[in-house]
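Residues per chain are reported as follows:
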Amino acid sequence: MHAIVVNGLEKRFGEILALDHVSFTVETGEVFGYLGPNGAGKTTTIRILTGITSPSGGSATIFGSDIVRDTIQARRNMGIVYETSNIYDDITAWQNMMFAGELYHVGKEDRESRGKELLEVFGLWDRRASRVKGFSKGMKRRLTLAMGLINDPKLLFLDEPTSGLDVQSNLIIRDVLRSLTERGVTVFLTTHNIEEANQTCDRVAIINRGRIAAIDSPERLKKTIQSVQSVEVAFEHGGAQALSALSGLPMVSEARKVGDKVRLYTEDPGGLLREIVSYADSHQDRVVSATTFGPTLEDVFIRLTGLRRPKDGREEP
Amino acid sequence: MIEGFDRNQLAAEAVAAWAIAKKDMIIYYLKPNIIIAGLLFPLFMFLAFAAGKNVPLGALIPGLISVTILFSSSSIEPVSIPIERRTKTFERLLSAPVSLHAIVVGESLSGFLYSIGIALLPLIVGIIAFGNTITSPLVLMAGMLLSALCFSTMGTLFAAYPTESPGDIMSMLNLVRLPLIFVSGTFIPLDAMPPVGVAIAYFSPLTYGNDLIQCAYGNPASFDPFLDVVMLVCFFVIFQFIAHRLYAHFNE
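From first to last, the protein sequence lines are chains A and B. In this text, residue positions in the first sequence follow our numbering: the first is 53, and each later residue adds one. In this text, residue positions in the second sequence follow our numbering: the first is 2, and each later residue adds one.
Just chain A, with the same shape it has in the complex:
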């Protein structure tokens, strides 16, 4: 059985078409990434799939239960972890866990044993009696994820799970995600961290302006844009002068500074390497390192969403 089946999903807010006939399926046990720029329709999709908002058209089922007609049954199988750590600051970590358990119909014994187990896994057991108000951002995020797992869900919606977190929280959350996927839990992940999606997801969907632009495995998506290859080179005398000189080469489609290095995009990395060496010789400079790269998932994302890359390497619309 498919974990999620989305068929021709549409959502209108007045004149604005936020989702335009979105269709995809997520297999049981799959880690499915849902990527898109801000305002692309990611949150609207999640709100529909979790039954908070009704679609204007189309349908969606969760393990066979229609999210509109059989909302409660569909929700029983899922855990939801929103981007914001939506926990109650004025009560303790333990009270938060127990409240989540009661909302998800988890019996008292299960709720207590599972609550203990999850707080231990997320490194919060020693702080169970503390009010959440004093927790760090990472601890709150871990508690939010623990609450999302209290009902032992078959499907977990994760919205930006590791965004802006400290290293310890990041590692714990990634470990937990790995063990969940090993146990066959289906994960629907939205993230801005494209490298995280590349490493974690079996397949990704890229949504742009309410439409699905592509769905496939990260590796297959990368193969669709083999023309986007790049050479990253470090010069002994810095890269500023080299950047302006080499960016003018006809074979270079795009050039940007990456830290103390220069990254040049090309369809002909071999030819470009020769030009780089020639540039260094003629300018009494030396190539400290040169690395060639194939297209990344970020390149695919940028190509499909039409974002452009500013000089400092961040995307912008």
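Don't take every hint at face value.
Unchecked claim - Derived DSS-like pairs (lysine-lysine); straight-line CA-CA distance at most 27 Å:
| no. | chain 1 | residue 1 | chain 2 | residue 2 |
| --- | --- | --- | --- | --- |
| 1 | A | Lys168 | B | Lys23 |
| 2 | B | Lys89 | A | Lys206 |
| 3 | A | Lys185 | A | Lys160 |
| 4 | A | Lys189 | B | Lys54 |
| 5 | A | Lys168 | A | Lys185 |
To be verified - Label pairs and their calculated CB-CB ranges:
| no. | chain 1 | residue 1 | chain 2 | residue 2 | range |
| --- | --- | --- | --- | --- | --- |
| 6 | B | Met26 | A | Lys168 | 52 to 62 Å |
| 7 | A | Arg263 | B | Ala249 | 19 to 29 Å |
| 8 | B | Met26 | A | Ser111 | 34 to 44 Å |
Claimed, not checked - Chain B is nowhere near these chain A residues, computed Cβ spacing over 10 Å in every case:
| no. | residue |
| --- | --- |
| 9 | Thr102 |
| 10 | Val219 |
| 11 | Ile267 |
| 12 | Glu284 |
| 13 | Asp337 |
Keep in mind that the hints were calculated from the coordinates and are not lab data. All residues carry an ideal CB built from backbone N, CA and C; glycine is no exception.
Since the structure of chain A is provided, determine the placement of chain B on it from the hints.
Using the frame of chain A, we list chain B on its own:
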């Protein structure tokens, strides 16, 4: 959204509603703005009425109980729900495997229990300090419980307005609650009011709750107690229905 019910689901809904009520009790009961709105405001209203009248204080206690229930039961949700919208915890309730009815009932339940607890204060003070006697305890219980149920649901209804500021909802709610005090026979008996006031009083749930409470103290009642009960139940059902519709609408 169509939400199917079975016996297990009903039990689960009850557990979830109680969990929501408990959560509100722990977090919100002692918040300063709830104490001010639910306890101090009715007390000052009572003192204002008492100061301008040549009436024994004990005679005003039934009115004070009615007003206390009105303010205390409808003060929890207008504070808790906007705060939870801001912290996104309300989204947690909306995405849980429970119906919107369970959420509305759970939220209202906390206001209901709060107001019953608070209303016992003037009741006890009236008996001990002013020697009030209650001639029909059952009628008093019905009046207090049904009023609390009705007004806590009214508070939940107003809190459906999609704002993250409790002040926005409190302002709207006070536009309704304050006039109700004057047109419902709490401190001014219905027979002392002009015909327009009496006509308005028929549309106020506070009129029927207060009538039951006055009746329980042996004061002359304006309506048959059975009619009071029926009217309060009707108001409760109407408020529940509208609250459910508003939450469903504003979630879009």
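Each hint, compared with the structure:
no.	hint	verdict
1	A:Lys168 - B:Lys23	holds, 21 Å
2	B:Lys89 - A:Lys206	holds, 24 Å
3	A:Lys185 - A:Lys160	holds, 25 Å
4	A:Lys189 - B:Lys54	violated, 57 Å
5	A:Lys168 - A:Lys185	holds, 20 Å
6	B:Met26 - A:Lys168: 52 to 62 Å	violated, 24 Å
7	A:Arg263 - B:Ala249: 19 to 29 Å	holds, 28 Å
8	B:Met26 - A:Ser111: 34 to 44 Å	holds, 40 Å
9	Thr102	violated, 5 Å
10	Val219	holds, 25 Å
11	Ile267	holds, 25 Å
12	Glu284	holds, 40 Å
13	Asp337	holds, 53 Å
When the structure is compared with the earlier hints, violations turn up for hints 4, 6, 9 and for no others.
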